[in-house]
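Q: Each chain, letter by letter, is given below.
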Amino acid sequence: MSATTRSARSTLATADVLVIGGGIHGCSVALHCALKGLSVIVVERHTVGRHASGVNAGGVRRLGRAVAEIPLSMAAMEIWHRITDLVDDDCGFRAAPQVKVAETEADLDTLAARAETVRAHGYDHEVPLDRQQLRSLLPAVAPHCIGGLASLGDGFADPYRTTAAFRRAAERHGARIVERCSALGIDRSAGRFRLNTDHGAFDGALLVNCAGAWGGEVAAWLDEPVPIEPIAPMMLVTDRLPRFCDAVVGAAGRPLSFKQMDNGTVVVGGGRRGVVDDQGTGTRLRLPELAKTAATAADIFPIMAGATIVRCWAGIEGRMPDDLPVIGPSGTTPDAVHAFGFSAHGFQLGPIVGAILAEQIVGDRGNLPLDAFDIRRFGSCKTDTA
Amino acid sequence: MFRRIDDAVRPAGITIWFEGQSLHAQAGDSLAAALLIHDAGAFRTTPVSGAPRAPYCLMGVCFDCLVEVDGVPNRQACMIEVRDGMQVRRQHGPAGVADDG
Amino acid sequence: MDSADVAIIGAGPAGLAAAETLAAAGASVVLLDEQQMPGGQIYRGIEAVQALRRQTLSLLGSDYAAGATLAKALRNAPVDYQPGSMVWDVSRDLVIHYSREGRSQGLHARHLLIASGALERPVPIPGWTLPGVMTVGALQILLKSDGLVPRVPLVLAGSGPLLLLLAVQLLKAGAPPAAIVETVPRRAYRSAARHVPRALQGWRSLMKGRRWIRTLTHAGVPWYRGCTNLRVEGADRATGLAFHHAGRTETIAADVIGLHQGVVPNVQLTRLLDCEHVWDASQRCFRPRLDDWLATTVDGVSVAGDGGGIFGAVAAEWQGRLAGLNIAHRLDRLPSAERDRQAAPMRAALARERTVRPLLDTLYQPPPDVLRPADEVVVCRCEEVSAGRIREAVRLGCSGPNQAKSFLRCGMGPCQGRICGLPVAEIIAETRGVDLDDVGYYRIRPPLKPLPLMELAGLAADNDPAQ
Numbered sequence: 005m006s007a008t009t010r011s012a013r014s015t016l017a018t019a020d021v022l023v024i025g026g027g028i029h030g031c032s033v034a035l036h037c038a039l040k041g042l043s044v045i046v047v048e049r050h051t052v053g054r055h056a057s058g059v060n061a062g063g064v065r066r067l068g069r070a071v072a073e074i075p076l077s078m079a080a081m082e083i084w085h086r087i088t089d090l091v092d093d094d095c096g097f098r099a100a101p102q103v104k105v106a107e108t109e110a111d112l113d114t115l116a117a118r119a120e121t122v123r124a125h126g127y128d129h130e131v132p133l134d135r136q137q138l139r140s141l142l143p144a145v146a147p148h149c150i151g152g153l154a155s156l157g158d159g160f161a162d163p164y165r166t167t168a169a170f171r172r173a174a175e176r177h178g179a180r181i182v183e184r185c186s187a188l189g190i191d192r193s194a195g196r197f198r199l200n201t202d203h204g205a206f207d208g209a210l211l212v213n214c215a216g217a218w219g220g221e222v223a224a225w226l227d228e229p230v231p232i233e234p235i236a237p238m239m240l241v242t243d244r245l246p247r248f249c250d251a252v253v254g255a256a257g258r259p260l261s262f263k264q265m266d267n268g269t270v271v272v273g274g275g276r277r278g279v280v281d282d283q284g285t286g287t288r289l290r291l292p293e294l295a296k297t298a299a300t301a302a303d304i305f306p307i308m309a310g311a312t313i314v315r316c317w318a319g320i321e322g323r324m325p326d327d328l329p330v331i332g333p334s335g336t337t338p339d340a341v342h343a344f345g346f347s348a349h350g351f352q353l354g355p356i357v358g359a360i361l362a363e364q365i366v367g368d369r370g371n372l373p374l375d376a377f378d379i380r381r382f383g384s385c386k387t388d389t390a
Numbered sequence: 018m019f020r021r022i023d024d025a026v027r028p029a030g031i032t033i034w035f036e037g038q039s040l041h042a043q044a045g046d047s048l049a050a051a052l053l054i055h056d057a058g059a060f061r062t063t064p065v066s067g068a069p070r071a072p073y074c075l076m077g078v079c080f081d082c083l084v085e086v087d088g089v090p091n092r093q094a095c096m097i098e099v100r101d102g103m104q105v106r107r108q109h110g111p112a113g114v115a116d117d118g
Numbered sequence: 005m006d007s008a009d010v011a012i013i014g015a016g017p018a019g020l021a022a023a024e025t026l027a028a029a030g031a032s033v034v035l036l037d038e039q040q041m042p043g044g045q046i047y048r049g050i051e052a053v054q055a056l057r058r059q060t061l062s063l064l065g066s067d068y069a070a071g072a073t074l075a076k077a078l079r080n081a082p083v084d085y086q087p088g089s090m091v092w093d094v095s096r097d098l099v100i101h102y103s104r105e106g107r108s109q110g111l112h113a114r115h116l117l118i119a120s121g122a123l124e125r126p127v128p129i130p131g132w133t134l135p136g137v138m139t140v141g142a143l144q145i146l147l148k149s150d151g152l153v154p155r156v157p158l159v160l161a162g163s164g165p166l167l168l169l170l171a172v173q174l175l176k177a178g179a180p181p182a183a184i185v186e187t188v189p190r191r192a193y194r195s196a197a198r199h200v201p202r203a204l205q206g207w208r209s210l211m212k213g214r215r216w217i218r219t220l221t222h223a224g225v226p227w228y229r230g231c232t233n234l235r236v237e238g239a240d241r242a243t244g245l246a247f248h249h250a251g252r253t254e255t256i257a258a259d260v261i262g263l264h265q266g267v268v269p270n271v272q273l274t275r276l277l278d279c280e281h282v283w284d285a286s287q288r289c290f291r292p293r294l295d296d297w298l299a300t301t302v303d304g305v306s307v308a309g310d311g312g313g314i315f316g317a318v319a320a321e322w323q324g325r326l327a328g329l330n331i332a333h334r335l336d337r338l339p340s341a342e343r344d345r346q347a348a349p350m351r352a353a354l355a356r357e358r359t360v361r362p363l364l365d366t367l368y369q370p371p372p373d374v375l376r377p378a379d380e381v382v383v384c385r386c387e388e389v390s391a392g393r394i395r396e397a398v399r400l401g402c403s404g405p406n407q408a409k410s411f412l413r414c415g416m417g418p419c420q421g422r423i424c425g426l427p428v429a430e431i432i433a434e435t436r437g438v439d440l441d442d443v444g445y446y447r448i449r450p451p452l453k454p455l456p457l458m459e460l461a462g463l464a465a466d467n468d469p470a471q
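From first to last, the protein sequence lines are chains A, B and C.
Mapping the first sequence onto our numbering, position 367 (from 1) lands on 371, and the numbers just tick up by one.
Mapping the second sequence onto our numbering, position 51 (from 1) lands on 68, and the numbers just tick up by one.
Mapping the third sequence onto our numbering, position 4 (from 1) lands on 8, and the numbers just tick up by one.
Certain hints may be false.
Said to hold, decoys possible - Distance condition first, Cα-Cα at most 20 Å in a straight line; then the derived EDC-like pairs of lysine to aspartate or glutamate: (1) C/K176 x B/D87; (2) A/K296 x C/E459; (3) A/K40 x A/D113; (4) A/K40 x A/D339; (5) A/K40 x A/E109; (6) C/K176 x B/E36; (7) A/K40 x A/D368; (8) C/K212 x C/E105; (9) A/K40 x A/E175.
Claimed, not checked - Anything over 12 Å on all C-beta distances counts as not near chain A; from chain B, calculated: (10) D56; (11) P64; (12) G77; (13) G88; (14) M96; (15) E98; (16) R106.
It is worth saying that the hints were derived from the structure and are not from the lab.
For each residue, glycine too, the CB sits at the ideal point set by N, CA and C.
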């Protein structure tokens with residue numbers, strides 16, 4: 005605790021890599037950097053996995069990804085299927101089909117068009133389902149559901165456990181994670197970063213912005229502000245129900261994310277939003293909106309009409325205008341990289357994004373296409389001043 | 018396990034059904050009390066280990082008195098009053114798992 | 005959505021007194037209570053007992069009978085009293101959602117008074133989850149509400165005034181306990197002694213206690229003092245209580261075991277609202293931080309009664325009136341000078357009620373193995389998480405109760421952490437070697453109690469204040 009009493013001018017510690025944000029991406033990049041022999045310090049304002057990384061719905065999903073994200077998502081999926089090798093914990097990962105349900109003919113058309121688009125880009129993981137195929141995957145689905153689209157090799161995981169596992173693995177390989185430590189600003193001199201926090205300053209050669217919904221603040225420190233919006237997707241979880249669903253389920257025509265966990269509880273989300281409070285660190289539910297999520301779940305799975313809700317909550321996610329994350333080098337500052345703004349679908353990408361950033365940091369370009377995620381796409385960054 | 022003290026005994030009674038057996042109760046009784054007076058034993062078994070449970074707090078806090086009432090699971094027996102003809106069953110493990118035992 | 009000047013949650017002494025005060029000041033008041041009848045736990049069943057059960061009324065004593073006045077005042081006041089209402093969400097803009105008769109609805113209030121009282125402190129000892137083990141409060145509820153007393157051997161174990169009071173009441177009802185197993189250590193009497201002079205100002209409470217002790221001793225109720233290492237015996241139901249006493253292990257056969265270690269504030273609502281809380285080291289519990297008028301750190305939200313710290317039923321009533329006066333003032337229905345004039349004697353009465361607390365809090369401090377049970381003891385009854393697994397999780401980096409939820413599902417069951425919250429926080433604090441204030445408490449999420457999915461689905465979209 006002596007850190008708090010030291011003058012802010014003294015340097016607390018030095019590392020090769022400074023990471024802002026102890027979510028899934030921050031912990032993943034810390035692990036992958038540590039695996040490459042780099043020294044790493046992660047500063048986390050609250051506790052690891054406190055926000056979106058720990059409280060999201062846990063979907064490990066390729067289904068329905070924006071085309072630009074598919075290569076990353078495919079690469080991440082390979083890691084997920086052997087996640088224990090990487091972090092020595094199964095992260096609660098279960099392989100399971102991801103299914104999007106069609107309730108109307110129009111839904112079927114939407115899903116058919118989507119399947120065609122994905123195929124045209126050379127991928128075959130999303131497969132259309134007819135009425136019968138839908139029922140073989142989802143025996144409990146309501147009679148009015150007429151088909152669907154599935155990605156059979158997807159799954160789900162326990163988000164908090166996953167983030168904690170990446171954290172522990174990173175620490176085992178020498179990374180240092182400093183919790184309850186708020187980044188306040190960055191100074192750059194003599195080609196090094198000085199990360200000022202409420203505990204004092206950290207010195208490093210490289211800087212990684214994994215600040216999630218607050219990544220825009222860090223980008224602004226680097227003179228490249230971005231139009232990020234904090235959003236609060238709402239979720240609910242029920243008491244234990246008898247086993248009735250082995251897939252992760254969405255709907256083509258309305259927001260839904262639905263899964264039954266191993267213990268029988270059912271987690272329902274799908275993107276209906278609560279309100280982020282003025283401080284930007286808390287959320288408020290909008291119950292009439294969440295009511296629609298509950299109604300959708302009961303429409304698609306009639307068994308849910310007998311379910312009991314045990315808890316409702318909303319996490320905070322950073323949403324970009326194009327719903328694509330910012331991943332890659334800073335446009336203004338050498339040796340700084342970003343990975344934030346995952347727009348409520350970053351959890352599955354965590355294992356691969358950390359690997360990509362670690363490769364970039366050691367100067368390896370890798371072979372995954374990242375242009376769509378470049379921070380300069382927002383056109384607001386200034387000329388390089390470094 | 019329990020008996021009613023003299024001034025709480027009413028001449029008229031009602032009938033509730035517990036696991037298919039009829040039990041005598043009095044209007045105004047909490048369901049938990051009506052079952053305790055008849056030595057109903059465990060009210061539920063836990064979804065985690067199947068351990069037997071019966072009321073602990075009787076004030077709506079502990080949820081160990083959960084039973085199925087008229088087909089609806091997860092009812093707190095201590096928070097509801099008996100009704101004539103009420104059908105009550107033990108809740109085994111996760112709510113909604115049929116009790117065929 | 006309905007609206008009101010004031011919503012009061014809880015119809016015990018604090019809520020009833022506040023409702024009466026606010027209605028008299030002309031405010032529109034909605035009183036929501038989960039029970040079917042007014043009185044809270046302390047005056048539970050008072051109307052029915054007074055009307056129909058004279059024997060019960062007499063054995064419950066005059067303190068209980070005093071609740072009839074409050075209940076009658078409610079029936080005569082222009083208060084929108086809604087019994088059978090389970091409040092399951094309150095937002096910081098004071099929209100309350102509650103379930104009544106199988107349907108959920110919203111209510112917007114300008115002020116909220118939380119009067120949801122206390123919970124019995126959990127007593128996690130080996131075997132405490134077995135059928136037949138109940139809280140002492142539960143046994144008293146059976147007596148008040150339903151006129152039930154044990155007809156099988158009963159042991160009362162633990163410590164605190166309620167335990168002795170129930171023993172006396174059961175004795176008068178012709179159903180004395182087979183034994184009292186008291187956990188107050190000898191040294192507690194010595195450390196409590198210094199609080200006696202102050203407590204003498206509240207001499208009526210002390211005399212009451214002496215009378216109970218004499219009654220029980222006279223009746224020859226076996227009374228084991230200074231007991232430790234309590235353990236409920238039995239495989240699928242309680243069959244007895246084992247304990248250490250005077251250097252040896254005793255076992256008393258019993259089918260009903262009543263446990264008690266005092267009561268603690270019910271903080272579910274104030275936690276849900278994210279009011280600031282402080283750790284009360286003398287009462288070993290968290291309580292919301294309150295100002296002189298019992299207002300929390302969240303604008304428009306006040307707490308009266310044991311939910312703000314344990315001071316008993318009479319203090320709760322005074323607090324209800326005090327909070328009511330201030331809310332009436334804030335509604336422009338009472339000038340500040342008049343509020344202060346009326347409040348002065350109430351504050352004096354409250355101070356008198358508090359004089360006995362330091363003595364009781366010191367004497368009846370829960371023993372360490374109840375606060376922080378041994379590894380094999382189940383702490384989270386819902387998810388069946390043992391103390392040992394919590395300690396193990398701390399060693400893996402679990403730094404507080406919210407992380408314990410994620411690690412172990414501890415506190416994630418239907419009781420929402422009401423039972424395990426304090427022991428989990430105590431165990432984590434002890435294992436980490438830090439203060440309770442640093443460890444904190446569960447973040448409480450809606451619904452406050454499990455809610456049928458279809459009730460949420462039924463909330464109409466036109467209720468949304470954010471739209």
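Q: Next, verify each hint and record whether it holds.
A: Evaluation of the provided hints:
1. C/K176 x B/D87: 38 Å, violated
2. A/K296 x C/E459: Distance ~11 Å between A/K296 and C/E459 Cα, so the pair holds.
3. A/K40 x A/D113: 47 Å, violated
4. A/K40 x A/D339: Distance of about 17 Å is within 20 Å: holds.
5. A/K40 x A/E109: 51 Å, violated
6. C/K176 x B/E36: Violated. C/K176 to B/E36 sits at ~35 Å, over the 20 Å cutoff.
7. A/K40 x A/D368: It holds: about 12 Å lies between the C-alpha atoms, which stays within 20 Å.
8. C/K212 x C/E105: The hint is violated at about 41 Å.
9. A/K40 x A/E175: 14 Å, holds
10. D56: The claim holds: B/D56 sits with its nearest Cβ about 28 Å from chain A, beyond 12 Å.
11. P64: About 5 Å separates B/P64 from the closest Cβ of chain A, which leaves it inside 12 Å; violated.
12. G77: Per Cβ check, B/G77 is outside 12 Å of chain A; nearest 15 Å; holds.
13. G88: With a cut-off of 12 Å, B/G88 comes too close to chain A, as the shortest Cβ separation is near 9 Å.
14. M96: At roughly 14 Å from the nearest Cβ of chain A, B/M96 sits farther out than 12 Å, so the non-interface label holds.
15. E98: 20 Å, holds
16. R106: Fine: 14 Å to the nearest Cβ keeps B/R106 off the interface.
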